[in-house]
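Asker: The residues making up each chain are set out below.
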Amino acid sequence: MKLFHKRYHQPGTRPGELAEPVSDIFSLDLLDYDATSISVKNQIDVHDCRAFINNGNVTWIHVQGDPTHDALLTLAKGLDIHDLYVEDVVNSGQRPKVEINDEQLFVILSLPVLNNNQVHIEQVSIFLTQNTVVSFCSGEFNPFQEIVIRLQGVVGKLRRRKADYLFYNLIDTVIDYGFPLLESYSERIQEIEDELLNTADKNVLNQVHKLRRELLLLRRRLWPQREVINEILRDEENNQITPETKLHFRDCHDHVISIMELLETYHEMTSGLMELYMTSVSLKLNDVMKVLTIIATLFIPPTFIVGVYGMNFDPQLSTLNMPELQWKYGYIAVWCVIVLLISGMLALFKKHKWI
Amino acid sequence: MKLFHKRYHQPGTRPGELAEPVSDIFSLDLLDYDATSISVKNQIDVHDCRAFINNGNVTWIHVQGDPTHDALLTLAKGLDIHDLYVEDVVNSGQRPKVEINDEQLFVILSLPVLNNNQVHIEQVSIFLTQNTVVSFCSGEFNPFQEIVIRLQGVVGKLRRRKADYLFYNLIDTVIDYGFPLLESYSERIQEIEDELLNTADKNVLNQVHKLRRELLLLRRRLWPQREVINEILRDEENNQITPETKLHFRDCHDHVISIMELLETYHEMTSGLMELYMTSVSLKLNDVMKVLTIIATLFIPPTFIVGVYGMNFDPQLSTLNMPELQWKYGYIAVWCVIVLLISGMLALFKKHKWI
Amino acid sequence: MKLFHKRYHQPGTRPGELAEPVSDIFSLDLLDYDATSISVKNQIDVHDCRAFINNGNVTWIHVQGDPTHDALLTLAKGLDIHDLYVEDVVNSGQRPKVEINDEQLFVILSLPVLNNNQVHIEQVSIFLTQNTVVSFCSGEFNPFQEIVIRLQGVVGKLRRRKADYLFYNLIDTVIDYGFPLLESYSERIQEIEDELLNTADKNVLNQVHKLRRELLLLRRRLWPQREVINEILRDEENNQITPETKLHFRDCHDHVISIMELLETYHEMTSGLMELYMTSVSLKLNDVMKVLTIIATLFIPPTFIVGVYGMNFDPQLSTLNMPELQWKYGYIAVWCVIVLLISGMLALFKKHKWI
Amino acid sequence: MKLFHKRYHQPGTRPGELAEPVSDIFSLDLLDYDATSISVKNQIDVHDCRAFINNGNVTWIHVQGDPTHDALLTLAKGLDIHDLYVEDVVNSGQRPKVEINDEQLFVILSLPVLNNNQVHIEQVSIFLTQNTVVSFCSGEFNPFQEIVIRLQGVVGKLRRRKADYLFYNLIDTVIDYGFPLLESYSERIQEIEDELLNTADKNVLNQVHKLRRELLLLRRRLWPQREVINEILRDEENNQITPETKLHFRDCHDHVISIMELLETYHEMTSGLMELYMTSVSLKLNDVMKVLTIIATLFIPPTFIVGVYGMNFDPQLSTLNMPELQWKYGYIAVWCVIVLLISGMLALFKKHKWI
Amino acid sequence: MKLFHKRYHQPGTRPGELAEPVSDIFSLDLLDYDATSISVKNQIDVHDCRAFINNGNVTWIHVQGDPTHDALLTLAKGLDIHDLYVEDVVNSGQRPKVEINDEQLFVILSLPVLNNNQVHIEQVSIFLTQNTVVSFCSGEFNPFQEIVIRLQGVVGKLRRRKADYLFYNLIDTVIDYGFPLLESYSERIQEIEDELLNTADKNVLNQVHKLRRELLLLRRRLWPQREVINEILRDEENNQITPETKLHFRDCHDHVISIMELLETYHEMTSGLMELYMTSVSLKLNDVMKVLTIIATLFIPPTFIVGVYGMNFDPQLSTLNMPELQWKYGYIAVWCVIVLLISGMLALFKKHKWI
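Protein chains in written order, with the numbering used here: chain A, 389 to 743; chain B, 389 to 743; chain C, 389 to 743; chain D, 389 to 743; chain E, 389 to 743.
If you're looking for bench data, these hints aren't it; they were derived computationally from the structure.
From a predicted model like this one, the values you see are computed outputs, not experimental measurements.
Any given hint could turn out to be false.
Identical chains share a label here; the pair holds if one copy fits it or two copies do between them.
Said to hold, decoys possible - Straight-line alpha carbon distances no greater than 25 Å define the calculated SDA-like cross-link-like pairs of lysine to any residue that follow: (1) 590 to 725; (2) 634 to 398; (3) 545 to 623; (4) 465 to 728; (5) 429 to 530; (6) 634 to 551; (7) 390 to 481; (8) 390 to 438.
Extracted from the complex, chain A is given alone in its bound form:
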């Protein structure tokens, strides 16, 4: 996940300026349905969309990838989308937000995509007006495939109800992508925790740091979604969202809060892991030092003793000069002293629970 993710213009640039597309992924799919019929147009040309708008059915246009400026402006013009919203769609890396006016709702959400244990964030923008929903999703991954299948399958609530219920389903889907993500994080934390109490090598440190960093960035990217759902729930002026759909949004609100709380908890937990790591390192150091101290303490004094009897004072010269060398049991006495010394120290270490 990038530290800095926002696409921005040089300060002083004209507001509403569109950023250049970063990839040539671009497809436009259209679903037009009511309870009785459904028509699906994949890879449709943007100019062919017009025919479906305001035909009484619910129309859902999904734009995947980076639309060309041309396609985007055509769409915006047909549906009366404000310049600033169009800019937000293109300049990806926006903060999740909702813009509500009397007849329209415009929502920007962050979609966390988990790919080979790498998380990245795609921007999903959803626009609701009358009977039409337009959704934009940057990148290659289309998060709404499940919904396309549900729409084409058995006729359920989703087919029978209006565009606001589709709008809710899209938002709910994007938000619910947080759950598998968090589950994978919980497993990673668990793994690191297990590893950490066994080994304390540099690799674990890197993992903890990476995890903390990811959670920090993720939290910032997902945090505003809570406010988005809140504002939709609180809004009284806009008449697009029916009370029944609002009840579902309350449920969605619970999900969004659960996700934030889990993220918060995991973030706190990784701080705890870092501390645990530091303490483990100190403990290891302690162990290393104990070994050194034990070895040194056991052998330095005996080495001194044998050094004494390596001195070249000549016992022949004077009886005061190292008479021990002349004793019959001198050598054995030295060994006894050494053995006693070492045993004494071992006993002392045992008493202090060092060994």
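Following the hints, put chains B, C, D and E in place on chain A, whose structure we already have.
Answerer: Below, chains B, C, D and E alone, put in the same frame as chain A:
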């Protein structure tokens, strides 16, 4: 306690989808009472419940374990419980919450169950409508046995009053399970504290970490209960809860806050314990290093001295070559120097309070 | 101070259940006064209180220790005290709170008692109705002796005004016991601070930890008192407290905030002390290591040198075999090298400011 | 960035006192335009401005650097700017703020200027009244050059709309200077992160500290800008800002929040880096200690053994005196013991994963 | 700065009790002025003040030091100051606060006085009623000398306007004393920062700790002033403060917030300094250990080698007994081995960037 506890559906799944039961524990008990009479039906079939609902008495249906979808939907239909509430009952691991409409109250609570010093959380869902209370509790443990006994015993307030007072009693009971839990935590903290100041081994570290982790998870699971009671107290529209019962809910609110404050305090305390542990480890390291330093400092210089007189310069060759070897008191002088050196250093150590 | 202080019932117990008295300390004193006369009844029987209630004078009943259930219920009945309040009086360890209804005020406060440098918390419950004040204080220590003396002394404001002013005086007294407590804490912090910068032994660590723990617990116990005074100030419905007395409560509010701010500051300070301790330990370790390094660095190389000339190569055998041993000034040269080596290292150490 | 940046007067000085200019940079440019025509006057004398004010066109006066008191007071008088605002313009280092009255808006903003990887903050003050905008920018760098170019180029929205839109464009420009700054910070953090996991030398420590310090100061300086935009959005009384421009200010609000959130995240991240650094240092210490321990443990015991056979007990004197010296394979046996000892310890180290 | 600064009475003492003066510093100065005339009375007797009150001019009475109870009560009676305010004036160490009623304003502020790099806090109490301002300042230092001079100098706004403007000027002056204080703190932080990166001795630790402690205490003492100014700004009932003066109070509000933000920033910064210190100590320890490890690693193995050839196995006895001693180039070979060993290790150290 699991890091990730929520049962969730794949993003894009139909709202209201029910999760499969995870165990085959399932029993349904019914109590139907007023001040004069009481009838208890254990292991009753769900279809037999209908007869008791709306008969003027207070009816309490308690569902333990994982109800079958069939039983659940029958019950929901009979009592007019919304699909989304039913989903919440089944998909355990929900955040505590309350849903209030004109005639119904639906509460989800977290029940901390302490089993062999292991804590796990069960989900309790309680539904109040008219004169009927339906309670669901996941897992094997039935927290309401005490209340069943009270209902069957001397006729008291609980028997004389309406379903809202039973509703309060159930909630109060679930929340009060926090107190014995916290008391057991206070004992664990106390034990770890005592242990920690004596030994600083890896085992204590693991205990502190586990404790902190549990308190962190527990706090998150119990925290929203405060808001639940708050909302019940604040609610003005719903007419189910009488003012007298609200007075009792105020008391319950005090309990919920006490529990949260204790959890908060214990959590802060375990952070303090981790710090204390780290400091203890450092202190221990200091002690180890002091021993090493004392030994090395005492013996390295004498070892050097005896090394000097182990050199093979021949005093016979020249009077400048190690004349000390020829002195009468040479050997004794060396010992004196060594003893003085060691004594001096010991004195120095004493002065610096190392020994 | 205990980690867990609340007396609670098993979950599911009947609300309003009274806990058994924990001690047999129990006395009941009554003061009945107006501006002109005062009558004091010590150790009065609870049934004799009735005569004084509603006689137009201010009646103050003070209950010290653990009242018997019988005495308590008699009193509660005579003064129309709600069951739940009676439960709160007996089940000590309650969170400070205020309950206000049209004609009554019921306040629970925490009284910190300092005894031989040990702090413990007693629960004070004060009940105000019409012209009667009833105060309960757990434990042996009666905090209101000063007020009894003032009432019996010169006729002042306290005698001339109504029960609400007495009520204020009792609350203010309980809260002001925080000041001498905090003063004693400030002295303890000061002492530990002085000690810490000199020695960094285990004893200081224990003191810092104990202090932090006490402040943490104390903060939790006293914190809600702020809200209590706030609610009394904000209350508009109850007509017991006159505007003039409210002005005094504003003053009391200042005290309560001052106490909380000091507690907060002291708590932050002890966290600082823990950090300071850790840093001191590291510094000490650094000093120890420096000594070891200096000794080892000074003596290990010379020991190697003298080791060289202790080798038994025979200079007689070949002129390449340790010819130094044959030199006239060999021994002196070795000493010179050693002295130079040691001096050089000492100079280096001085340059690096190690000695 | 300076720790203390505010220019202040001695306490007790007359309010409205102007600080002396700190540099002689001072230029005054004027642009007067409507949709059809534009006139640009660079380095205009302050007295010549009057002719342009209230001529129906939008008039923009930009003051760069430190204006003389004389020029400033002339301008203030001509446009009815309050004394206190004039003081704020001159006494740079003000906190960002907005002052709104019926006909005027006065905004102070912080402009972060990035110069050779050094950040400093310039104060930008913008004043809006009727059709006139006056902008002041301390220092040499003029942040509005892009806007001057846009005004002189193709006739766009900026030319067609009123002074409030210019006002918005100036504010938006100043705020957007945060984005390139944050991008450069994200790169610095990235670099330090990479460096840190490889080396842990003092240089990296200084960098982390400097970074943290800069982010802390920057956060404080930019934080109030959020409140500034908020107040402009909330304001209902002032009629200068049209609803259409307010929509743009909402966009600007998003930017300001994004910037603050990034700053917050980066600040948290640098705290994490400091911790990571500390842990890395501990790890390094651990490695160093392991090397020492391995060397010492491998060689201290063999050194003791060879010391034993360096003792001068005379095997000739008694058969108990070091008979090993007389053995045929004595020397080889010693070597075998030493090799075995070292191999054993190496095996032990391998088992403990030290090598 | 003292940890505990509040002068308090024993719990239970009569509210309004006055503390005894702690020093005999006491002087009372009076200034009576309007736009045309001014009369200054230094060291005036309190009874002579009456003549000036309510004479239509603005009357400013400044009381320095500890007033006698007698003087204070005379003044209070003449100006109708409430008992509790008088108590607050005498019992210094109050929390800053404002008391507003219909005709009076009573403000308590904390004046930080910097004396020889030692900060202490004096209490300033200012009372405004009708046309009279009474200011009390504990201690010796009179913060208002500058204002006395301004009043006696050129006739400006201060002379032409009413008592509320004088009131504002006094408050503004007290608050602005925060700026030079913070500037001196910024210099101290800077100095410590520079020192810290060079040396990490105990002295710096003490400085950092002292700084943090001072900032913590200072923050607590100054924090409530923000609320004081806020309340004056928000107040609608009191008619003493004119709208024009309120505009000045807004400016004062900015100052108070700037000061708090700087204090907050400096406090965060000193926490960073403590961490930096700890990390520096660890780095130093690392350096020390490296030196030890290098020395030990370089010399312990060669010492072992030379120890080997110091063994007394007799090469004459058997050809297997240390035949090396008999070799012609044995001694030189040993030296070669040693030199190779040391060079090898030096190369290894260089590779690991230890030297």
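Asker: Decide, hint by hint, whether the structure agrees.
Answerer: A quick look at each hint next to the structure:
1. For the identical chains of this complex, residue 590 and residue 725 are neighbours neither inside a copy (45 Å) nor across copies (35 Å), given an alpha-carbon limit of 25 Å.
2. Proximity of residue 634 and residue 398 under a CA criterion of 25 Å is satisfied inter-copy only: 22 Å between copies versus 40 Å inside one chain copy.
3. In this homomeric assembly, residue 545 and residue 623 come within 25 Å of each other (Cα to Cα) only inside a single copy, at 24 Å, whereas the closest approach across copies is 31 Å.
4. With identical chains, the CA atoms of residue 465 and residue 728 are never at most 25 Å apart, being 97 Å at best within one copy and 82 Å at best between copies.
5. In this homomeric assembly, residue 429 and residue 530 come within 25 Å of each other (Cα to Cα) only inside a single copy, at 16 Å, whereas the closest approach across copies is 52 Å.
6. Proximity of residue 634 and residue 551 under a CA criterion of 25 Å is satisfied intra-copy only: 13 Å inside one chain copy versus 29 Å between copies.
7. Only within a single protomer do residue 390 and residue 481 lie at most 25 Å apart by alpha-carbon distance; the minimum there is 10 Å, versus 32 Å between protomers.
8. In the homo-oligomer, the alpha carbons of residue 390 and residue 438 never lie at most 25 Å apart, since the shortest distance is 38 Å inside one protomer and 51 Å across protomers.
The structure shown violates the earlier hints numbered 1, 4 and 8.
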